[in-house]
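Asks: Here the protein sequences line up with chains U and W, keeping their order. Numbered per this note's numbering, the first sequence spans residues 1 to 234. Numbered per this note's numbering, the second sequence spans residues 1 to 405.
The set of hints was computed from the structure by calculation and includes no laboratory data. Since this is a predicted model, take the numbers as computed values, not measurements. Be a bit skeptical, because a hint or two may be false.
[To be verified] Simulated crosslink set (BS3-like; lysine-lysine; CA at most 30 Å straight-line):
id	chain 1	residue 1	chain 2	residue 2
1	U	Lys142	W	Lys308
2	U	Lys136	W	Lys308
3	W	Lys397	U	Lys142
4	W	Lys397	U	Lys118
[Claimed, not checked] Under 8 Å between C-beta atoms, here's a sample of chain U residues computed to sit facing chain W:
id	residue
5	Arg83
6	Ile97
7	Phe108
8	Met110
9	Leu112
10	Tyr126
Glycine residues also receive a C-beta, built at the ideal position from the N, C-alpha and C atoms.
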Amino acid sequence: MPVIEIKELTKTYNETVVPVHALNGVNLSFEKGEFTAIVGPSGCGKTTLLNMMGGLDHPSSGQVIIAQEDITKMDTSHLVDFRLRNIGFIFQSYNLIPVLTVRENIQFIMELQGRSKKEIDERVHYLLDAMGLSDKINVRPKYLSGGQQQRVAVARAMASKPKFILADEPTANLDSKSTETLLNLMANLNEKEEVTFIFSTHDQRVMDKAKRIVTLEDGKVMNDSNSGVLHETA
Amino acid sequence: MLIQIAWRNVWRNKTRSMVIVVAVALGLWGGIFSDAFMQGMTEQQIYSSIHTETGHIQLSQKGFLVNHDMQLNIRSADSIKAVISNIPGVSAVASVTQLSSMASTSSGSAGIMINGIDPQQQSKVSDINRQLVTGDYFKSDRANLIVIGQQLADKLHVKLHSRIVLTLQTTAGDIVYGAFKIAGIFHTHDSDFDKQMVFVRKNDLHALTGFPQDAASLVTVLLQNTDDTKKITATIQHKFPGLQVQGWMQLSPMLQVLSGTITQMTIIFVAIILIALAFGIVNTMLMAVLDRTHEIGMLLSIGMRPSKVFTMIMLETIFLSVTGAALGIAISIGTVSWFGHTGINLSFIAEGINALGYSSIVYPSLGIDFYLALSVMVVVIALIAGLFPARHAIRLKPAEALRGN
Ligand SMILES: Nc1ncnc2c1ncn2[C@@H]1O[C@H](COP(=O)(O)OP(=O)(O)O)[C@@H](O)[C@H]1O
Ligand SMILES: [Mg+2]
Chain U
1 MPVIEIKELT
11 KTYNETVVPV
21 HALNGVNLSF
31 EKGEFTAIVG
41 PSGCGKTTLL
51 NMMGGLDHPS
61 SGQVIIAQED
71 ITKMDTSHLV
81 DFRLRNIGFI
91 FQSYNLIPVL
101 TVRENIQFIM
111 ELQGRSKKEI
121 DERVHYLLDA
131 MGLSDKINVR
141 PKYLSGGQQQ
151 RVAVARAMAS
161 KPKFILADEP
171 TANLDSKSTE
181 TLLNLMANLN
191 EKEEVTFIFS
201 THDQRVMDKA
211 KRIVTLEDGK
221 VMNDSNSGVL
231 HETA
Chain W
1 MLIQIAWRNV
11 WRNKTRSMVI
21 VVAVALGLWG
31 GIFSDAFMQG
41 MTEQQIYSSI
51 HTETGHIQLS
61 QKGFLVNHDM
71 QLNIRSADSI
81 KAVISNIPGV
91 SAVASVTQLS
101 SMASTSSGSA
111 GIMINGIDPQ
121 QQSKVSDINR
131 QLVTGDYFKS
141 DRANLIVIGQ
151 QLADKLHVKL
161 HSRIVLTLQT
171 TAGDIVYGAF
181 KIAGIFHTHD
191 SDFDKQMVFV
201 RKNDLHALTG
211 FPQDAASLVT
221 VLLQNTDDTK
231 KITATIQHKF
241 PGLQVQGWMQ
251 LSPMLQVLSG
261 TITQMTIIFV
271 AIILIALAFG
281 IVNTMLMAVL
291 DRTHEIGMLL
301 SIGMRPSKVF
311 TMIMLETIFL
321 SVTGAALGIA
331 ISIGTVSWFG
341 HTGINLSFIA
351 EGINALGYSS
361 IVYPSLGIDF
371 YLALSVMVVV
381 IALIAGLFPA
391 RHAIRLKPAE
401 ALRGN
């Protein structure tokens, strides 16, 4: 059973005089343990698609089904709790909480979830170890390099034990060395723990690491390297 | 953790936060200090009015204070005094024979109020003897000495040792004249008092007018503690139901109004300052929220409930305001108690001040309840000021807030 299923998704932005059709009937399905890149030129709708999948914005039509629930039908307050319990986020500009240390940044989301102190402590150490950041535990984000900050962001996204992790251009601000380190860590987590990653990119080296590549163009799926899955759900 | 985040957020932009902290501190300091000053002036006025003029409590025959009819006097004043001085909390008791009269000299005349006193007794309830500018307070045993106020001396063009003639009515209704020699001239904070009140020995006055020996117009009571006034007034009234017994609040209604309203007035004054400061706080917090649009978008995205974001902004507003208020209150307590100790000398404008019945050295003072009320007000103002920025924060849509990078 897919962790997330998208049916006939459209999104039209009406903010300007001319409506922008950012998504035009997207059908996709993602299974547990995927390591998938959403690719395509700038403005093709990657961010819009990820926002819909993450319940950060409401589509114009269509469905986004996660754990048998159509999240497009949820109201804002239910969506917040749903995101907290089910979805991990990694952002292009890291977006850590600047006034909190590395440890506290990871702790924070688990406290929002109401996890026990013991569980939180164990998981913080486990994740920072996995990310190779154990020595930065009490450091604030501004003293870390971009690559290190993004590794903390991955740890934070994992901390809440989400069903899948969405990452919108996670490496766009990183140099090639940090990009490689980050992707290797993510790929490793994906291999060992079956963490599902869905990320957007227009960087060829990042695409090369993906197990599956979905290509968007003008708000439509142009190509899906895993078209078998596409057929199943279409 | 929310509290921790909020506190640290306050100090993210140190300059911006310090500007508002200092503004709140200075605003409150100014407000508190001038309130303490007003309060100090009032307390002083009450103090000197009690200690120079009325005492804490006065007994009189009903109606006497209205028309000063000399027939409305208190008989057996001495035994009444004896009873009162045995009441716990009473510091001193004195009786006064009060007659209205006319004082004349070769160069003028004036309506006055004669106070026939026993100097030794009287100096225990009133500090007139310590407010002499020249002469002394009945040191000599000579008969027919008089102590008058500076204002009256000026008006009648008399000096120390000058003679003035008092025109009086005897108990039988005849007019008599008495020549008195000025033994001392006093100058109090109250120019009306200095213009009207003169003091002579009770024996001289009684001899002249035939006023009964053991009678008095007023019995003045000084207490050890001003706060006991109401209680002891009731006790005395209970013992002497036929007499009129009044505390200083009834004797000087103006003072009571002052002391009753001064606290409310000062609170209102500071409240106005706080409301002005609230606009600065709203502005600072709104800037803080706008600066952090992206971050708040992230918080909402990863699953922080809007109610928590709202609480966070409210806490930040409270921390910011309370920090400023704490600083302002600390400075205020320091300066108020410093000047409360040394006093502020206003003698350079003392003439005008004295005419209003104030003394020229003011000791600022404020009660603990004022600071408590103030702390509550600061928190309330912060809560109101935080509403607008906090509401702005939770209206952000995650997708849009994140896009505006
Ligand atoms: N809030 C918005 N209002 C109006 N148009 C938007 C908005 N967000 C995105 N768009 C438009 O939608 C299209 C898809 O944008 P986006 O999803 O950001 O693409 P990508 O992430 O692939 O660059 C673009 O044409 C973009 O200009
Ligand atoms: Mg994008």
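Asks: Hint by hint, note whether the structure agrees.
Replies: Hint check results:
1. U:Lys142 - W:Lys308: 25 Å, holds
2. U:Lys136 - W:Lys308: 28 Å, holds
3. W:Lys397 - U:Lys142: 26 Å, holds
4. W:Lys397 - U:Lys118: Measuring from Cα to Cα gives roughly 34 Å; hence the hint is violated.
5. Arg83: 5 Å, holds
6. Ile97: For U:Ile97, the interface hint holds, since the closest Cβ of chain W sits about 7 Å away, which is under 8 Å.
7. Phe108: With a closest approach of 6 Å, the U:Phe108 hint holds.
8. Met110: Result: violated, 10 Å to nearest chain W Cβ.
9. Leu112: Given a least distance of 6 Å, the restraint on U:Leu112 holds.
10. Tyr126: U:Tyr126 check fails; min Cβ-Cβ to chain W is 19 Å, beyond 8 Å.
Going through the hint list in order, the structure does not satisfy hints 4, 8, 10.
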